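**Student:** The chain contents come next:
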Amino acid sequence: MDQINQKCPAPYWNPLIAGIALGIVLLSTFALTGHGLGATGFTTRLTAWFGMYLLPVATNANDYLGGMVEEGRPLDAWISWQVVGVALGALISALIAGRIAVKLDGKKFLGGSKRPLTALFGGLLAGFGARIAAGCTSGLGLSGAAVLSLAGFTFLGAFFAVGLLASRFMKEEK
Amino acid sequence: MGTILSGLLLGGAFGFVLERAGFGNPNKLTGQFRLTDWSVFKVMFTAIVFAAVGLLILEKIGYVESGSLFVPPSFLGAAALGGAFVGAGFAIGGYCPGTSVVGLMSGRIDAGIFLIGLLLGTIIFAGIYPSIESLTTLGEIANAESLPELLSVSSLFIDIAMVIAAVGVFALGSWMEKKSRGPVTSQEI
Chain E
1 MDQINQKCPA PYWNPLIAGI ALGIVLLSTF ALTGHGLGAT GFTTRLTAWF GMYLLPVATN
61 ANDYLGGMVE EGRPLDAWIS WQVVGVALGA LISALIAGRI AVKLDGKKFL GGSKRPLTAL
121 FGGLLAGFGA RIAAGCTSGL GLSGAAVLSL AGFTFLGAFF AVGLLASRFM KEEK
Chain U
1 MGTILSGLLL GGAFGFVLER AGFGNPNKLT GQFRLTDWSV FKVMFTAIVF AAVGLLILEK
61 IGYVESGSLF VPPSFLGAAA LGGAFVGAGF AIGGYCPGTS VVGLMSGRID AGIFLIGLLL
121 GTIIFAGIYP SIESLTTLGE IANAESLPEL LSVSSLFIDI AMVIAAVGVF ALGSWMEKKS
181 RGPVTSQEI
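So the protein lines, in turn, are chains E and U.
Per my numbering, the first sequence runs over residues 1 to 174.
Per my numbering, the second sequence runs over residues 1 to 189.
Since the hints were derived computationally from the structure, they do not count as laboratory data.
Predicted model, so just to flag it, every value in this text is computed and none were measured.
Each residue gets a CB set at the ideal place from its N, CA and C atoms; glycine is no exception.
Among the hints, erroneous ones may be present.
Claimed, not checked - Label-pair ranges, simulated between beta-carbon atoms:
#1 U:Y63 - E:N14: 22 to 32 Å
#2 E:L88 - U:I116: 19 to 29 Å
#3 E:A161 - U:T3: 34 to 44 Å
#4 E:N60 - U:I160: 47 to 57 Å
#5 U:K60 - E:P116: 27 to 37 Å
#6 U:F70 - E:L75: 13 to 23 Å
#7 E:P116 - U:E65: 46 to 56 Å
#8 U:N143 - E:A161: 19 to 29 Å
What the hints assert, rightly or not - With a straight-line Cα cutoff of 35 Å, these simulated DSBU-like cross-link-like pairs (lysine-lysine) come out:
#9 E:K114 - E:K103
#10 U:K178 - E:K171
#11 E:K114 - U:K179
#12 U:K178 - E:K107
#13 E:K171 - E:K107
#14 E:K103 - U:K178
#15 E:K114 - U:K178
#16 E:K108 - U:K179
#17 E:K103 - U:K179
#18 U:K178 - E:K108
#19 E:K114 - E:K171
#20 E:K103 - E:K171
#21 E:K108 - E:K171
#22 U:K179 - E:K171
#23 U:K179 - E:K107
Using the sequences and the accompanying hints, generate a full structural model.
**Tutor:** Written as structure tokens, this is what we have:
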């Protein structure tokens with residue numbers, strides 16, 4: 001029975017159901033905290049945290065990260081707990097649905113045997129871009145559009161336009 | 001509610017829903033850009049419209065004070081440039097920052113590599129920050145932060161337009177999904 005379950009992970013939610021559920025979470029976040037959901041607020045703080053231990057002098061002197069390590073606790077923020085929550089919530093959902101599988105995914109569409117490189121380079125671009133925009137797909141796109149902000153809509157427009165274009169250059173493995 | 005509890009609970013619900021939607025799966029996520037799987041548009045549009053209409057209602061009944069919510073500043077050049085980088089990173093790497101956490105938790109090694117890339121991108125940004133600081137405030141629109149302000153229309157008007165646009169996205173997306181290989185399912189390897 002267990003083996004059958006492992007071979008047949010539960011289907012994903014219908015997008016309308018998932019969208020409404022995500023809308024409820026987003027609305028609750030605004031109602032309870034006054035701001036939306038995010039992700040790179042945490043990865044930036046995590047970068048500062050690593051810097052604090054590995055390269056303390058350079059990190060302290062850095063114009064961008066220095067302010068975060070001033071009090072010695074760069075991870076001490078709501079967004080850190082929120083991302084820990086994301087990880088736990090995703091883990092619980094994947095466990096219940098039987099969708100946990102350790103693998104290097106995405107080879108078919110994203111570079112074949114060069115998949116580790118596309119993952120690394122894609123992450124690098126996203127990390128760099130999110131600092132220019134001061135937000136990512138969640139923080140600026142999703143949350144920014146929910147409050148009808150110009151920055152949110154502009155981000156989403158550029159995000160999808162360039163994403164569509166860039167994906168033309170990714171060859172599919174047959 | 002305390003910072004820790006509210007972060008864990010709201011984040012937990014966020015991560016749970018993203019995984020349920022299949023957004024830990026890079027094949028599904030990038031299917032949006034190949035126009036064969038419209039789940040990303042459908043889910044995001046629905047969530048944005050739901051939250052926007054919900055916020056309007058909560059403001060009308062006085063539960064949420066209008067003006068108390070965080071609205072990102074109108075550095076539209078920075079938003080566009082950053083959005084372009086994140087979009088390219090999504091198409092090449094298979095995730096956005098938040099969904100890479102979801103991918104990692106469902107066992108995807110490539111999602112972990114993407115996360116390392118995120119940190120490297122942040123380090124590069126911080127390293128050259130003095131010379132690119134001006135990019136982060138590029139293209140400021142000084143007189144408006146939101147679409148209703150810019151167009152001098154009510155939020156209700158924009159909300160109605162977004163509901164119509166969302167219905168259009170569902171219709172167009174479902175049509176294109178039928179014409180192509182269709183949405184990526186959880187059973188596919």
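**Student:** If a hint holds in the structure, say so; if it does not, say that too.
**Tutor:** Here's how the hints hold up against the structure:
no.	hint	verdict
1	U:Y63 - E:N14: 22 to 32 Å	holds, 29 Å
2	E:L88 - U:I116: 19 to 29 Å	holds, 21 Å
3	E:A161 - U:T3: 34 to 44 Å	holds, 36 Å
4	E:N60 - U:I160: 47 to 57 Å	holds, 51 Å
5	U:K60 - E:P116: 27 to 37 Å	violated, 51 Å
6	U:F70 - E:L75: 13 to 23 Å	holds, 21 Å
7	E:P116 - U:E65: 46 to 56 Å	holds, 48 Å
8	U:N143 - E:A161: 19 to 29 Å	holds, 25 Å
9	E:K114 - E:K103	holds, 15 Å
10	U:K178 - E:K171	holds, 22 Å
11	E:K114 - U:K179	holds, 30 Å
12	U:K178 - E:K107	holds, 24 Å
13	E:K171 - E:K107	holds, 10 Å
14	E:K103 - U:K178	holds, 29 Å
15	E:K114 - U:K178	holds, 31 Å
16	E:K108 - U:K179	holds, 21 Å
17	E:K103 - U:K179	holds, 30 Å
18	U:K178 - E:K108	holds, 21 Å
19	E:K114 - E:K171	holds, 12 Å
20	E:K103 - E:K171	holds, 21 Å
21	E:K108 - E:K171	holds, 9 Å
22	U:K179 - E:K171	holds, 20 Å
23	U:K179 - E:K107	holds, 24 Å
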